[in-house]
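Going down the list, the protein sequences come from chains Z and U.
Just so it is clear: in the first sequence, position 331 is 331 by the working numbering, and no numbers are missing.
Just so it is clear: in the second sequence, position 211 is 211 by the working numbering, and no numbers are missing.
Worth double-checking, as some hints may not be accurate.
Here are the computed distance ranges between Cβ atoms for each label pair [what the hints assert, rightly or not]: (1) Z:167 with U:279: 41 to 51 Å; (2) Z:310 with U:222: 50 to 60 Å; (3) U:161 with Z:50: 53 to 63 Å; (4) U:333 with Z:286: 28 to 38 Å; (5) Z:64 with U:273: 45 to 55 Å; (6) Z:289 with U:205: 31 to 41 Å; (7) U:333 with Z:200: 52 to 62 Å; (8) Z:27 with U:278: 48 to 58 Å.
A short, non-exhaustive set of chain Z residues, derived as facing chain U with CB atoms under 7 Å [to be verified]: (9) 11; (10) 15; (11) 64; (12) 73; (13) 75; (14) 104; (15) 111; (16) 135; (17) 146; (18) 166; (19) 167; (20) 170; (21) 236.
Since the hints were made in silico from the structure, they are not lab data.
Nothing here was measured: the structure is a model prediction, and the numbers come from that model.
From the three backbone atoms N, C-alpha and C, an ideal C-beta is built for every residue, glycine too.
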Amino acid sequence: MGADGTAEAKTTYREAMREALREALRADDRVFLMGEDVGRYGGCFGVSLGLLEEFGPERVRDTPLSESAFVGAGIGAALAGMRPIVEIMTVNFSLLALDQILNNAATLLHMSGGQLPVPLVIRMTTGAGRQLAAQHSHSLEGWYAHIPGIRVLAPATLEDARHMLAPALADPDPVLIFEHGSLYNVSGELLPPTDPVGLDHAAIRRPGTDISLITYGGSLPKALAAVEELAAEGISAEVIDLRTLRPLDDAAIAASVARTHRAVVIDEAWRTGSLAAEVSARIAEESFYDLDAPVERVCSAEVPMPYARRLEEAALPQTADIVAAAHRAVG
Amino acid sequence: MSVARHTRTRKDPAHPKPVMKTAADKKNARTEHRRELLEAMLRIRRFEERCVELYSATKIRGFVHLYIGEEAVAVGVNGALTPEDAVVSTYREHGHALARGIAAEAVMAEMHGRTTGCSGGRGGSMHLFDASRRFYGGSAIVAGGLPLAAGLALADRMRGLPHVTCCFFGDGAFAEGEFHETANLAALWGLPLLLVCENNLYAMGTALAREHAQTDLAMRAASYGMPAWAVDGMDVEAVEQAARRAVEGIRAGTGPHFLEARTYRFRAHSMYDPDRYRAKVEIEQWKERDPISLLTDRMHENGELGDKELARIEQRITAEIDHAVEAAEQAPEEPVENLLHHVTSASAEAVS
């Protein structure tokens with residue numbers, strides 16, 4: 001509630017992200033936003049609506065449909081003293097710029113013997129759930145989390161959408177921000193952060209004692225919904241939001257498993273070679289003797305994402321799948 | 001954005017003093033400038049010849065791509081740039097690095113994988129860097145440096161700086177999407193970018209006519225709406241003149257320019273290449289237009305270079321390279337404990 005007793009205005013994830021961009025553009029002349037349709041169109045998902053009018057076409061820069069060129073240009077601009085924010089419409093399109101991200105952004109610092117840090121932020125949409133079929137719906141952030149030299153973020157809450165960008169821009173190295181497409185319309189009351197929002201730690205979104213639900217991004221709301229169902233059965237589930245997919249907060253994962261002795265890892269990517277596989281392996285390495293049950297994974301079915309709603313829903317991790325996995329773990 | 005003339009803020013052996021303007025000194029100045037061009041080309045040639053010996057002796061390893069035959073391009077283009085301009089290069093970059101004034105010692109140490117190398121031993125022959133000279137190195141992904149070069153040019157313009165970014169690449173890169181994306185972006189935004197295509201007629205082993213439906217690369221580049229022309233890449237003075245014209249246009253604010261330097265590599269693609277895809281007679285014909293011989297012949301004809309002077313230059317370069325090799329062999333190797341350094345800026349990454 002506001003000071004005058006009226007209800008606080010609701011903020012959407014999209015607006016929170018836009019406000020973060022606005023703040024960054026105001027705070028530092030070196031910051032500029034570029035990507036396909038970020039200016040006049042207002043951003044493919046409306047995130048940058050109004051920023052062109054406020055900051056002009058030099059700093060809110062529409063690009064041709066040339067992912068490799070404008071991502072590479074972001075890298076070059078970062079090397080020459082700017083602080084670019086590059087928007088790629090979807091993670092599937094980012095594959096057209098994978099050369100620049102892997103072979104240049106992630107590599108230049110090391111390859112140059114420490115001479116060339118690349119202070120670049122790349123934002124992109126990820127994930128399914130909107131019937132966008134097999135070339136707009138995948139969750140490839142785990143691939144990027146494989147790469148040394150870059151930091152990978154997955155803001156899943158309004159607060160993280162609003163407050164992760166500033167520390168990402170302050171990072172001297174490349175940071176990739178994955179925004180799950182199903183989150184843009186999520187709305188709620190955006191609270192001011194009580195502590196500075198860091199990029200190194202996972203967050204406990206719901207404390208619990210019986211099982212750890214470890215997830216990130218678009219799967220967080222589903223995990224939180226599963227908590228309610230499990231609570232009704234008397235099972236106390238803890239939800240860990242990884243937030244940063246590289247580097248992983250191993251300590252937070254291990255501490256949670258030490259409390260609950262059971263874990264379900266929820267990841268919208270395909271199961272094989274997934275981030276969920278990495279988290280599960282680390283639990284096996286670090287927390288084996290804390291476990292009372294095998295680690296469970298809830299991932300997407302191994303299929304290119306289908307268009308038909310019923311099939312898409314069946315392919316994706318759902319709350320019921322998480323609850324079922326928790327039941328298996330609790331036994 | 002425009003800038004009348006180059007500004008010089010520091011002494012740099014790669015950037016000789018401005019040519020004197022008085023009529024009486026003109027001839028001497030031209031002679032002196034030619035000697036500098038010659039010395040710069042000879043340094044690259046002799047450096048790489050030593051690399052071949054060291055490679056055969058297994059002192060240096062990895063992929064090593066020699067520039068021998070193409071020296072006029074690096075040296076001629078460098079003559080049109082100021083120390084503040086940025087350069088992005090390829091995996092065939094010893095010539096670009098040396099022409100930019102990176103010490104032979106630092107390049108040789110890099111090829112030996114030593115800490116004193118210009119990339120701390122982490123890059124090797126294909127990844128030479130010197131941030132202090134705005135030498136953004138050695139990309140070994142064909143055409144991968146082009147988008148980055150556009151970004152350097154964009155940043156300089158956004159920051160109000162009068163610099164030009166020069167990007168070297170080959171005829172092979174011209175077939176890559178990254179070239180075409182970058183050419184379009186740079187022309188669309190009018191970026192201060194000099195695109196230097198070193199057309200040596202082969203993309204590794206694939207001849208120009210076997211990789212391009214239309215082999216007139218300058219003409220195709222012009223279709224992006226930028227000034228583009230071809231130049232004899234074996235004639236260092238022609239290259240320099242063409243590059244000056246392009247750089248003046250760029251500094252005057254007319255956007256990116258494209259220079260196709262028609263050149264030839266005398267050696268194989270890399271030390272691994274048995275060179276089976278081209279005729280020996282073709283190589284011999286091109287050697288008749290060796291860029292170093294072309295210039296020395298011109299200077300001899302004009303009485304600008306005596307045998308003694310040439311010997312002095314050769315001696316100086318030999319001493320420089322001897323010293324570079326000696327220093328590289330004695331330089332320390334990075335301790336293995338430092339393996340994870342420079343992965344992120346913070347420190348060795350705790351979580352791999």
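Mind checking the CB of residue 170 of chain Z against every CB in chain U and telling me if the closest is under 7 Å? Result: violated, 11 Å to nearest chain U Cβ.
Confirm or reject the claim that residue 333 of chain U and residue 200 of chain Z have a C-beta distance inside 52 to 62 Å. Hint violated: Cβ distance 33 Å, outside 52 to 62 Å.
Holds or violated: the 28 to 38 Å window for the beta-carbon distance between residue 333 of chain U and residue 286 of chain Z? Check passed, 34 Å falls within 28 to 38 Å.
The hint names residue 236 of chain Z as touching chain U; please verify it with the least Cβ-Cβ distance against 7 Å. Where the cut-off is 7 Å and the nearest Cβ of chain U is about 29 Å from residue 236 of chain Z, the hint is violated.
Restraint check, 7 Å cut-off on beta carbons, for residue 73 of chain Z near chain U: Status holds, d = 4 Å.
Status of the hint placing residue 15 of chain Z at chain U (closest C-beta pair under 7 Å): violated (28 Å)
Do the Cβ positions of residue 167 of chain Z and residue 279 of chain U conform to the proposed distance bound of 41 to 51 Å? violated (60 Å)
I want to verify a distance hint. Is the separation of the beta carbons of residue 64 of chain Z and residue 273 of chain U within 45 to 55 Å? Given range 45 to 55 Å: violated, Cβ gap about 36 Å.
So the hint says 48 to 58 Å: do the beta-carbon atoms of residue 27 of chain Z and residue 278 of chain U match that? Holds: the Cβ-Cβ distance is about 57 Å, inside 48 to 58 Å.
Just to be careful: measuring from the Cβ of residue 111 of chain Z to every Cβ in chain U, is the smallest value less than 7 Å? Holds. Min distance 5 Å.
Does residue 75 of chain Z pass the interface check with chain U, least Cβ-Cβ distance below 7 Å? Because about 5 Å separates residue 75 of chain Z from the closest Cβ in chain U, which is inside the 7 Å limit, the hint holds.
Is 53 to 63 Å right for how far apart the beta carbons of residue 161 of chain U and residue 50 of chain Z are? For residue 50 of chain Z against residue 161 of chain U, whose Cβ atoms are near 30 Å apart, the range 53 to 63 Å is violated.
When the structure is compared with the earlier hints, violations turn up for hints 1, 3, 5, 6, 7, 9, 10, 16, 17, 18, 19, 20, 21 and for no others.
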